[in-house]
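Residue numbers (the working numbering), protein chains in the order written: chain A, 1 to 353; chain B, 1 to 353.
Just so you know, the hints here were simulated from the structure itself, not pulled from any lab data. Don't take each hint at face value.
Residues on chain B that point at chain A, a partial pick, calculated with CB under 7 Å [claimed, not checked]: (1) S81; (2) N132; (3) I219; (4) S227; (5) G230; (6) I258; (7) G259; (8) V265; (9) I306; (10) A312; (11) P313; (12) T316; (13) Q317; (14) A319.
Not the full set, but computed from the structure, chain B residues with beta-carbon under 10 Å of chain A [what the hints assert, rightly or not]: (15) K82; (16) G84; (17) L86; (18) G190; (19) L223; (20) A229; (21) I233; (22) P327.
From chain A, some residues computed to sit far from chain B (all C-beta separations above 12 Å) [stated by the list, open to error]: (23) I77; (24) R90; (25) K257.
For glycine and all other residues, C-beta sits at the position ideal for the given N, C-alpha and C.
Given next are the chains, with one letter for each unit.
There are 2 protein chains.
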Amino acid sequence: MRGIKGIGLIKMNNLPIEWLGDKVRILDQTRLPQEEVYLELGSYQDIASAIAELKIRGAPAIGVVSAYAVALSALEIESKSKEGFLERLRGISQTLATTRPTARNLFLAIDRMEQVARAGQDVKQIKQALVNEAIKIHSEEAEATRRLSQLGAELIGDGVTILTHCNTGALATAGYGTALGVIKQAKKQGKKLKVFVTETRPLLQGARLTTWELNRANIPVTLITDSMAGYFISRKEIDCVIVGADRIAANGDTANKIGTYTLAVLAMENGVSFYVAAPTTTIDLTLGSGDEIPIEQRSSDEVTHIQGIGIAPEGTQAANPAFDITPHYYITAIITERGIIREPYVERLKKCR
Amino acid sequence: MRGIKGIGLIKMNNLPIEWLGDKVRILDQTRLPQEEVYLELGSYQDIASAIAELKIRGAPAIGVVSAYAVALSALEIESKSKEGFLERLRGISQTLATTRPTARNLFLAIDRMEQVARAGQDVKQIKQALVNEAIKIHSEEAEATRRLSQLGAELIGDGVTILTHCNTGALATAGYGTALGVIKQAKKQGKKLKVFVTETRPLLQGARLTTWELNRANIPVTLITDSMAGYFISRKEIDCVIVGADRIAANGDTANKIGTYTLAVLAMENGVSFYVAAPTTTIDLTLGSGDEIPIEQRSSDEVTHIQGIGIAPEGTQAANPAFDITPHYYITAIITERGIIREPYVERLKKCR
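If we strip away everything but chain A, and leave its shape as in the complex, we get (with noise of 0.2 Å):
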């Protein structure tokens, strides 16, 4: 992987995500927001070393550099027959898969990729079609981003704080962005907007990268540890708590950042409105409920250091699930390209896949 050190490139070009034709370049965002520098990914294994590695993360953005994994795999295969291809490309695919568990994206995106190849005629024909249904993975999931933003906008009034977790902007989406994108298309529409954002710990996407896009989005901030959401919310300082989704079973309940259950539980608890902002992509009809949805456990090296710093005794044993799940009754809403889906969730989210 080849670091370009880019204050400047990212003031021309903004894309987190951008498909050069032989490799992918994207914004390194364990990097951010004291650097802004981009990595040019020319195979998949350096693809799947930047997701499990959060150098690219969000569920929207996971899904999209798949498919351009897959693409970049396809065209480095030598085999001359379909059956051949298609039995490396499926083996990749599963390498793939292991990356992250829990983001509904990815595996989406890589099942289209693989029928995509199976219906190909021959493999140069096959690898082209790849790279075009990449290409168009992207492209929708940034289209389903704009649009989700402009439905969930109507949802937000003016004059009001929202809280959000995480980062769930363009970096997360390659795209708009889903909370976010929510939340920036309502200052668009002319309306005043404060937003606090959790730091989100272990590694503090919020701190680090939504603040970030919020002062580029000229959008007023006020950071505020995990823990602190539940003396504004009691305090009735927050309007609204607006998150994003990694995978949403067929009955609402949502699997999102670590943390995100508990907020859900504090808005209930006062009042305040709930809503998940998530591309359709992200819903996954064929598990029931949030029971289903696999946690993603990750290193405890997450939570006893912060950026290499030890802040525990050596040898301290810590847990580090990376999501929760939010059941669907402390949802108010999920906005999605396709609408603002309400309960009955299990009817109307069969509806929108």
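Go by the hints and put chain B onto chain A.
Just chain B, lined up with the frame of chain A:
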């Protein structure tokens, strides 16, 4: 302030606060767990700085060192007349009272010292009486935490998993501990326990101090970020929550470290017992409810930086309320040295002060 690096010392002498006749020796809590550094504080100004900078923290411990600060300042006042002496002392007490606004024990200790001063015969006798009173406050506070730990331990079943927040051990209490005292006493009774410790951002007292104290007590610890408590509570992996308190109003509403309210809401939502452990010196019958408890707002640097390292874009605005209020109806019981108090709190708290 003189720093003594004392890895050896702590093994011989485990006291977080020690009166040396003309100074107070404290264990610097900001340096733990990396270093065990003792500070000898010879003036009330040194003690006031140590409190403001959280070198010594925890409501009961703050009460004790404030009493010593008043005693030390008294020894230095040169006035021969009782009136002049009392006037000087009043000014010093006011300075000490500005260090931390939330902890009840601070104000109670200062009030008690002032009463002793006023009741004294002459300056010489008052000086001795103040030293004696500070030592008495220290010993009473230590005894109260020992006693409440014994009473509280009866609530803890064998084989349970407990969640605790912030640090409430010997370090915080100049004695046995409050919430952590209860846990350690239950372990002494031979009960098998597991403890989940929230890291407690922004200042990481859970990660730095509580893990350290539990390691020394041979109690198995799992460190989590504050945002993970909901995950483990909702999965029924936590049997009860125990926290300390900085001030308890007449109706049982409790001010404690930021994040406590959230844990109480999560506990109630999931049918988990939520206990507050505190000496009766933390109870403030002059305040009808938690709405009247002043909440300390600390520097935003504590949120935007972790151990000196910036985690957000430069200039990011942050809020930093150090405490929140848990309404009494979330609290299963308040564990004090005078008994375990349950609803109706108004009547029962009145009886125990």
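Hints and how they fare:
Of the supplied interface hints, the one on B/S81 is violated, with its beta-carbon coming no nearer than about 48 Å to a beta-carbon of chain A, more than 7 Å. For the restraint placing B/N132 at the interface with chain A, the shortest Cβ-Cβ distance is roughly 38 Å, beyond the 7 Å limit, so the hint is violated. For B/I219, the interface hint is violated, since its Cβ never comes within 7 Å of a Cβ in chain A; the closest pair sits about 12 Å apart. About 3 Å separates the beta-carbon of B/S227 from the nearest beta-carbon of chain A, less than 7 Å, and the hint is met.
Because the beta carbon of B/G230 sits about 4 Å from the nearest beta carbon in chain A, less than 7 Å, this interface hint is met. For the restraint placing B/I258 at the interface with chain A, the shortest Cβ-Cβ distance is roughly 5 Å, inside the 7 Å limit, so the hint holds. The restraint placing B/G259 at the interface with chain A holds, with a minimum CB-CB distance near 3 Å, inside the 7 Å limit. Here the hint on B/V265 is kept, as its CB sits about 5 Å from the closest CB of chain A, short of 7 Å.
For B/I306, the suggested interface contact is upheld, since its CB lies about 5 Å from the closest CB of chain A, less than 7 Å. Here the hint on B/A312 is kept, as its CB sits about 4 Å from the closest CB of chain A, short of 7 Å. For B/P313, the shortest C-beta to C-beta distance to chain A is roughly 4 Å, which falls under 7 Å, so the interface hint holds. Satisfaction of the interface hint for B/T316 is found here, the shortest Cβ-Cβ separation to chain A being roughly 5 Å, below the 7 Å cut-off.
Annotation: interface hint on B/Q317 holds; nearest CB of chain A at approximately 6 Å, less than 7 Å. Interface hint at B/A319: satisfied, since its Cβ lies 5 Å from the closest Cβ of chain A, which is below the 7 Å cut-off. Interface restraint check: B/K82 against chain A, minimum CB-CB distance 45 Å, threshold 10 Å, status violated. Because the closest C-beta pair between B/G84 and chain A is about 44 Å apart, greater than 10 Å, the hint is violated.
This hint is violated: B/L86 has a C-beta 39 Å from the nearest C-beta of chain A, more than the 10 Å allowed. A distance limit of 10 Å between C-beta atoms decides the matter here; for B/G190 the minimum to chain A is near 23 Å, and the interface restraint is violated. With 10 Å as the threshold, the beta carbon of B/L223 comes within range of chain A, its nearest partner Cβ sitting at about 4 Å, so the hint holds. For B/A229, the interface hint holds, the least distance from its beta-carbon to any beta-carbon of chain A being 7 Å, beneath 10 Å.
The beta carbon of B/I233 comes within 9 Å of a beta carbon in chain A, closer than 10 Å, and the hint placing it at the interface holds. Taken as an interface hint, B/P327 checks out: its beta carbon lies about 9 Å from the nearest beta carbon of chain A, inside 10 Å. Taking the minimum C-beta to C-beta distance to chain B, about 41 Å, the non-interface status of A/I77 holds against the 12 Å cut. The claim that A/R90 lies off the interface holds: its Cβ sits roughly 34 Å from the closest Cβ of chain B, which is beyond the 12 Å cut-off.
Interface exclusion of A/K257 from chain B breaks down, the closest Cβ pair being 8 Å apart, not more than 12 Å.
Violated hints, listed in ascending order, are 1, 2, 3, 15, 16, 17, 18, 25; each of the other numbered hints is respected by the structure.
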